[in-house]
Structures are given as C-alpha cells and as structure tokens.
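Each protein sequence line maps, in turn, to chains H and X. Just so you know, we're using this note's numbering here: the first sequence kicks off at 1 and counts up by one. Just so you know, we're using this note's numbering here: the second sequence kicks off at 1 and counts up by one.
No lab work stands behind these hints, which were simulated from the structure alone. Just to be clear, a hint being listed does not mean it is correct.
Among the chain H residues that face chain X by a calculated CB cut under 7 Å, a handful are [as the list claims (entries may be wrong)]:
#, residue
1, Ala9
2, Leu11
3, Glu15
4, Arg41
5, Ala43
6, Arg46
7, Leu52
8, Phe55
9, Pro60
10, Glu72
11, Ala147
12, Pro150
13, Arg165
14, Trp177
15, Thr220
Keep in mind it's a predicted model, so treat the numbers as computed, not measured. The C-beta atom is built at its ideal place from N, Cα and C for all residues, glycine as well.
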Amino acid sequence: MNSEDFLRASLERGEACLAAADLEALVAGQGSPQAAEHLPRCAYCRGEVEVLRSFLEGVPTAEESSSVRRIEQNLRTSAAWKGDRRSTGPWAFLGRPRVGMAAAGLAAALAVGVFLNQPRPSAPEADTVDVVRSMDIVGIAPTGDLAEPPSAVRWSAVPGAVRYRVSLEEVDGTSIWRQTASSAELVLPAEARELMTDRKTLRWAVSAEDGESKTLATSTSLPFRFVRGSK
Amino acid sequence: MSSLTDEELVAKYLEAGRPAGTRYADELFQRHYGRVALWCFRLAGDREMATDLAQDVFVKAWAHLDHFRMDSRFSTWLYMIARNHCFNALRQKQRSKEDAMDRADIEDFPGTAAGFDRDLEQKELTGVAREIMAAELSPVEAKVMMLHFVEDVPLPAISRTLGLENASGAKAYVVSAKRKLKTALNRLALRSRRPSTGEGSTPDE
Numbered sequence: 001m002n003s004e005d006f007l008r009a010s011l012e013r014g015e016a017c018l019a020a021a022d023l024e025a026l027v028a029g030q031g032s033p034q035a036a037e038h039l040p041r042c043a044y045c046r047g048e049v050e051v052l053r054s055f056l057e058g059v060p061t062a063e064e065s066s067s068v069r070r071i072e073q074n075l076r077t078s079a080a081w082k083g084d085r086r087s088t089g090p091w092a093f094l095g096r097p098r099v100g101m102a103a104a105g106l107a108a109a110l111a112v113g114v115f116l117n118q119p120r121p122s123a124p125e126a127d128t129v130d131v132v133r134s135m136d137i138v139g140i141a142p143t144g145d146l147a148e149p150p151s152a153v154r155w156s157a158v159p160g161a162v163r164y165r166v167s168l169e170e171v172d173g174t175s176i177w178r179q180t181a182s183s184a185e186l187v188l189p190a191e192a193r194e195l196m197t198d199r200k201t202l203r204w205a206v207s208a209e210d211g212e213s214k215t216l217a218t219s220t221s222l223p224f225r226f227v228r229g230s231k
Numbered sequence: 001m002s003s004l005t006d007e008e009l010v011a012k013y014l015e016a017g018r019p020a021g022t023r024y025a026d027e028l029f030q031r032h033y034g035r036v037a038l039w040c041f042r043l044a045g046d047r048e049m050a051t052d053l054a055q056d057v058f059v060k061a062w063a064h065l066d067h068f069r070m071d072s073r074f075s076t077w078l079y080m081i082a083r084n085h086c087f088n089a090l091r092q093k094q095r096s097k098e099d100a101m102d103r104a105d106i107e108d109f110p111g112t113a114a115g116f117d118r119d120l121e122q123k124e125l126t127g128v129a130r131e132i133m134a135a136e137l138s139p140v141e142a143k144v145m146m147l148h149f150v151e152d153v154p155l156p157a158i159s160r161t162l163g164l165e166n167a168s169g170a171k172a173y174v175v176s177a178k179r180k181l182k183t184a185l186n187r188l189a190l191r192s193r194r195p196s197t198g199e200g201s202t203p204d205e
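Isolated chain H, as found in the complex (with noise of 0.2 Å):
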C-alpha cells in the first residue's frame, strides 16, 4: 500500500459512517447518541458534518456578494435547468445551453435588468408559459457578516406590487419570523432583531402579490450574520 491508498483507506467513508439524516441533525446540534458517540471517531464523519454545515450556513463575504448574486440572477433568468423536463437522463445535459458561452451576453443583460429592476421576458420553455416568473425581486440588505443587527430589510420593486411578505428564516428554510410591507423596505423591530443573536446565520426572503394576494414574485433567501466585532 503506498502512502496515498493508505491516506485514502484510512479517511474514507465506513459501514458505520452516519446517513444525511444524522449529519444535518449533528449541523443543527441535535444528534442522536449514536452519532454523537461516532462522532469523535470517525475523521470522515466530521469533515462530513462540516462540509455540510459550509452549505447550510454559508455566508458570502463582502469580495463573493457580486459573483454569487450574478450566479443566482442567472439561475432565476435562464432556468436552464427546466431545460431538462422531457428527460431525465444523462443526454440531457446535451442540449442545454452552457452559460458560459454567454456570458458577455448575460452580463449585459444582467447589467441592465438587475440594476433597473425591470421585468425581462422569460426564458422559453417546453411546455409552460409562466409570466410570473418573468419578475424578479432582488434582495439588497442585509447579506454577508454584519457588525450590528441590521435595522432594515431592503428589495427591489415589483411593478404592480402591492404588498410584499418578508420572512426571517432559519437556515434550515424553518420560518421563525413573518411581516408585511407597503414598500420595498421593512424597518425591522425589536422582536425580530432580537432573533439575530452573535454568529448564528439566518437567511430572509421576500414575496411579492398584488391586489388579489397572488403571488407577482419571489425572491431566493439571502444569508446574513450579525458577527459581533466583525467590520
């Protein structure tokens, strides 16, 4: 056995190794004896639950915000990934447009919609025509590592919105925290500042309805933490 096949035999994953169901109960503090006793004994466990816990609580810092944000525009925008309702096999991948190839296209487009926050026509579909994803809400504050509980939640408009719906998650998706707004900003109040205590990353979403209460638009959830000390 050379040294990499034996860093390899000695790291990988056992029979004993813990299910996802464990692991995320472990990321939320919440093991089962059980795990929480292989724990300490498995290196590839905890690298597992870490790894694990770098995608749920994630936060983009400062230098990331733009990229991540212009992934996620491009992911709402070109919905490529309906792309593959006819199939679900690996040919799929063949005839969906890589963004690559468009990006100078993209960052013009992107440009231009995000920053005037107007409605684009939708990226054509194989079997619906879906106007309401057409609108987009992009978030604006809070995101990344804050230095102060933020005192405001911040959006863009959505033409013929009415009423926006805010919520204050966990990062697990849970709902901890609910408000309506008029406008595309909610002052956020005590009870809810006090939800954001030192390190613990929370994310916020906000929909949009009009007048009927029909939903015009959502926004993705958008990670954020108050870091005690931090910039």
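Put chain X on the given structure of chain H with help from the hints.
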C-alpha cells in the same frame, strides 16, 4: 406558497405531478439558488464554471425530485447532489489538466513502506490508521484531509469552501495533519518492532 416548508412544497409537487406541480418546484428551487451559487463559486473559484455547476445541480435535482424520499431535509438532499456533482467535476478538471500543482506532496508514512505492514494485515493497518486519524486530527485537519485525499478536492478550493483565512490555507492543515500522523505511526511502528517477551504477550508501555 411562501409559508410552506421545503418538504411541504415537495409533497405538493409530488401530489400535483408535472407540469401542474412545477410551480411548487420553482418556489422550492428558488429558495436554494443562493446557497448552491455560493457553494459552487467557492469550489470552482471562477464564476463561469460555478454557473455551469450550479445549473447542473438544479438539472439533476429537477430530474430526480420524484425520488426524494423525505428521509432528510430537502436542503440536505440538495447538498448531496451538489457535493457529488461538484466533487466529480473538480476531479475531472484536475485529471484533464494533469495538474499536480494543487495536490499535496505525499512522502512515505512509516508503516506504509516496507516497515510494519508486513506485520499488520492491510485491513488491520487501515483500522489502526482510522483510529489515529480520528484521535489525532483537529476538526479542521480532519475535514481538509477528507476533502483532499478522499474527494480529491484541490487545496485552494478547500480553503475557499471552508473559509480558511490563514496565509497558506488548507495546505497548512495538511502539513500539520501529516506531521501528527507520522508521529503516531512512528510510535506504533516502534511498538510493533519491539521484541516480544513471550508467546502472545506484549510488553506494557
């Protein structure tokens, strides 16, 4: 719809089927664009590749949503897809570049060369090594070693994904982990070479 949990959205989607249930899947996936985008960006290190990776993740999630068994949260299920897809893509990229630059150097560990692996069965040696890994490595070292040596994730990508802000990033953790392992294995090798004092007995330390 925004008041529904991820799992409730999946249930609604499964109940309605395609295409009627697509709106539930839309809502569901939109909630996770941000975390998948960030994860892919940190692993890929460039926006173009990250965008492709993120799209691939949602293509796969969409293709397999019918098979989500609710035995974990949806976010964990999505993580598994993202993890496997991104690690495979990075592995292929590494191979195609034949790039050894991001690979940690590996010198012989005591026991893996012609030393005591004659004395210990392969399986036994691996078992001992697993115990040493778990006992000796810090949490950060464990995850860096697992990602690099099991999943073949390049060191710079590990540094970004785990937010390691020290000057040499993940590489420093590999160096310290290897040092610890060497020390532990040396100790074990010395012990295994010590002459026995009687049949089947081992001298106490």
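These are the hints, each one checked on the structure:
| no. | hint | result |
| --- | --- | --- |
| 1 | Ala9 | holds, 5 Å |
| 2 | Leu11 | holds, 5 Å |
| 3 | Glu15 | violated, 12 Å |
| 4 | Arg41 | holds, 5 Å |
| 5 | Ala43 | holds, 4 Å |
| 6 | Arg46 | holds, 4 Å |
| 7 | Leu52 | holds, 6 Å |
| 8 | Phe55 | holds, 5 Å |
| 9 | Pro60 | holds, 5 Å |
| 10 | Glu72 | holds, 5 Å |
| 11 | Ala147 | violated, 18 Å |
| 12 | Pro150 | violated, 17 Å |
| 13 | Arg165 | holds, 6 Å |
| 14 | Trp177 | violated, 12 Å |
| 15 | Thr220 | holds, 4 Å |
Checked against the numbered hints given earlier, this structure breaks hints 3, 11, 12, 14; the rest are met.
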